[in-house]
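Asks: Residue-level listing of the chains:
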Amino acid sequence: MSKIGNIPVNAQNGKKRTNPLAGVFDELVQFCQSRSMFMLHYCTGCGAIELPPAMTSRFDMERLGIQPMVTPRQADILLITGYVSVKTLKRVILTYEQMQSPKYVIGICSCTVNGGMYWQSYATAKVLNEYLPVDVYIAGCMPRPEAVIEGLRRLMGNIENGKGIAWKDYFQRYDHYLGNQQHLFGNDWQTPTDIIGEARHYGLETEQTCGEHSRILEQHQQPLEPYKMRIKL
Amino acid sequence: MKCDEINAWLDALLSEINEIEVTRKSERRVRVDVPASSLPALLELLKGKASYVHLSAISCVDWPGDEEFELVYHCWSYEAKSLLSAHTRIPRNSAEEFAHYVSVYDIYKPAAFFERDIYEMFGVYFESSPYMEKFILTEWNGPPPMRKDFDAEAYVNDTFNWADYHPQWLQDIEEEGGGIAIRPEDIRL
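Line by line, the protein sequences give chains A and B. Using our numbering, you'd call the opening residue of the first sequence number 1 and step up by one each time. Using our numbering, you'd call the opening residue of the second sequence number 1 and step up by one each time.
Be aware that one or more of the hints could be misleading.
Output of the computed footprint for chain B on chain A, the stretches with three or more beta carbons under 8 Å from beta carbons of chain B [stated by the list, open to error]:
1. 112–123
2. 164–172
Below are the BS3-like pairs computed for lysine-lysine, each with C-alpha atoms no more than 27 Å apart in a straight line [claimed, not checked]:
3. K47(B) to K81(B)
4. K228(A) to K90(A)
5. K148(B) to K87(A)
6. K25(B) to K49(B)
7. K90(A) to K168(A)
8. K87(A) to K134(B)
9. K148(B) to K134(B)
10. K134(B) to K109(B)
11. K134(B) to K90(A)
To be clear, the hints were calculated from the coordinates, so they are not data collected in a lab. In this text the structure is predicted, and so the values were computed from the model without any measurement. All C-beta atoms, glycine included, are put in the ideal place defined by N, C-alpha and C.
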């Protein structure tokens, strides 16, 4: 296995292939995208209690085309339903980076906006969009299922109008987000996902993707090794 | 054995220990104040002779004015159906890094859990407790946060930024007729 090198993902023939019909289909694709979304079951705080009624028969999120999904790799929406402690924030970022683009983050409850009632707590991250690009905030403590549905409809509208592009911001301004993450987690913070490589691959790299914080990341980065498979007999 | 019989017997038993102060608050609630040196002996007696087999919790109170930590051991008896709280005070050692006390893991096994928690939150080190690694605050490198001299508000202001009071997304919602229903200045308290 070790003789096989890296499989080239991107054929580097100097030309950038573009689809001439992309602009024509964009609106149709956005329309379809906004009406078929999978929401990750990842609930951080107390706001999660409003989701079962929003999902089930009374308010029925499925009529909007939104379904819960169990793995981040197959989900579009990451709902942050309440306060995010520093410990949870690490897991939230790991989860977010595993999701496939396009991906959307919705911050529910006042705690994700500004710390909410945990504003004085040493263990709780305050402003969620310092660490992740947030598409829609739904304020309230806690917001009723009507408000949750309203927020999801706003997200659908944003996607349909081509405004739901906060996920691109994570690639374009990765250094900013990484700097805030390092401020909380220390300089040896790293995730298994190579965001800068992905940004290059998607053609989303700007001058703000790399910077002083990603240089700190490079200094401390441990190369990832495949998990050794052991079979016990 | 009846409940009041156990209670009478317990009062007689407790009067045997030196420097002990027993306050019977009600039929099923006893407060015992005991010096730190004789607390393990008291717990040993309570568990072995007086049916207090369940240690429900150890709580810690910080008294920075007295330079002391107060440890409260809550013991429950299923037979007498009564709760006994044993209070003891240990020096706070604010000059050194940690206050020290002895573990009661050998008497009550669940104590390991509570002692690890108190070590993390208050920095009281329990000698001979089996496992004193980080427990809940695995990402925390600062001082023990539940001590009274840790200023959480100052720490938060140093560490975190605050969101704008009237951010763009809220202005967008307000343009569509939504937003804050009752403004803070209109709230009558």
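Asks: Could you run down the list of hints and mark each one as holding or not?
Replies: Status of the hints after comparison with the structure:
1. With 8 residues having a beta carbon nearer than 8 Å to a beta carbon of chain B, the segment 112–123 of chain A meets the requirement of three or more and the stated coverage holds.
2. Against chain B, the segment 164–172 of chain A contributes 0 residues with a C-beta closer than 8 Å to a partner C-beta. That does not satisfy the three-residue criterion, and the hint is violated.
3. Taking the CA atoms of K47(B) and K81(B), the gap is near 14 Å; set against the 27 Å cutoff, the hint holds.
4. For the proposed pair K228(A) and K90(A), the alpha carbon gap of about 24 Å is at most 27 Å, so the pair holds.
5. For the given pair, K148(B) sits about 23 Å from K87(A) by alpha-carbon distance, which is consistent with the 27 Å threshold.
6. Taken as a hint, the K25(B) and K49(B) pair is honoured in the structure, with Cα atoms around 21 Å apart against an allowance of 27 Å.
7. Restraint check: the Cα-Cα separation between K90(A) and K168(A) comes to about 20 Å, which is no more than 27 Å; the hinted pair holds.
8. For a cut-off of 27 Å, the pair hint linking K87(A) to K134(B) stands: about 13 Å separates their Cα positions.
9. About 20 Å separates the Cα atoms of K148(B) and K134(B), which keeps this hinted pair within 27 Å; it holds.
10. Distance check on the hinted pair: K134(B) and K109(B) sit about 19 Å apart at the alpha-carbon level, within 27 Å; holds.
11. As the CA atoms of K134(B) and K90(A) are separated by approximately 17 Å, the hinted pair is consistent with the 27 Å bound.
In this structure, the one hint that does not hold is number 2.
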